[in-house]
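K.L.:
Sequence:
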Amino acid sequence: MKRHTNKCLSIYPKTIDEEIRMEQSRGVEKFGKYNSMHEAYAVIKEELDEFWDSVKENDPDPIELLHVCATTRRACIELCEIARIDMNQIKESE
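Those letters in the sequence shown? Residues 1 to 94, by my numbering.
FYI, nobody ran anything at the bench for these hints, they're computed from the structure. Think of the CB as a built atom: it goes at the ideal place given N, C-alpha and C, for glycine as much as any other residue. Among the hints, a few may not be true.
What the hints assert, rightly or not - In silico DSSO-like pairs for lysine-lysine, Cα to Cα no more than 27 Å straight-line:
no., residue 1, residue 2
1, 56, 45
2, 45, 30
3, 45, 33
4, 91, 33
Unchecked claim - Simulated restraints, written as ranges between beta carbons of each label pair:
no., residue 1, residue 2, range
5, 88, 59, 18 to 24 Å
6, 90, 50, 36 to 42 Å
7, 21, 92, 30 to 36 Å
Given the sequences, and given the hints that come with them, work out the whole structure.
P.N.:
Here it is in structure tokens:
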């Protein structure tokens, strides 16, 4: 049996969104917000590379893929927060 098969058995379609949100929360608690979108890109790429490594070993790790989703979701939320702040500053300066 492949190493990551048991991890697949513990993840269900109905709970994937919750798993992603929990992983995202853990990341924010542990590391705080991204310092920049450059950092966000680097973290997403690192997680994607870790998933890719497991794929190349013919043993895809679903947890790494959840990490990719969580870091990407987190970056998207933070980017939208930055955009809203920027828009508010523009409106205030008019």
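K.L.:
The structure should be examined with respect to each hint, and the outcome stated for every one.
P.N.:
The hints, checked one at a time:
Among the hinted pairs, residue 56 with residue 45 is consistent with the structure: their alpha-carbon atoms are about 16 Å apart, no more than 27 Å. Between residue 45 and residue 30, the direct Cα distance comes to roughly 19 Å. Compliance with the 27 Å bound is thereby established for this hinted pair. The straight-line distance between the Cα atoms of residue 45 and residue 33 is roughly 17 Å, inside the 27 Å bound, and the hint therefore holds. As the CA atoms of residue 91 and residue 33 are separated by approximately 25 Å, the hinted pair is consistent with the 27 Å bound.
The beta-carbon spacing between residue 88 and residue 59, approximately 47 Å, falls outside the hinted interval of 18 to 24 Å. Roughly 39 Å separates the CB atoms of residue 90 and residue 50, a value that falls within the hinted 36 to 42 Å. Roughly 32 Å separates the CB atoms of residue 21 and residue 92, a value that falls within the hinted 30 to 36 Å.
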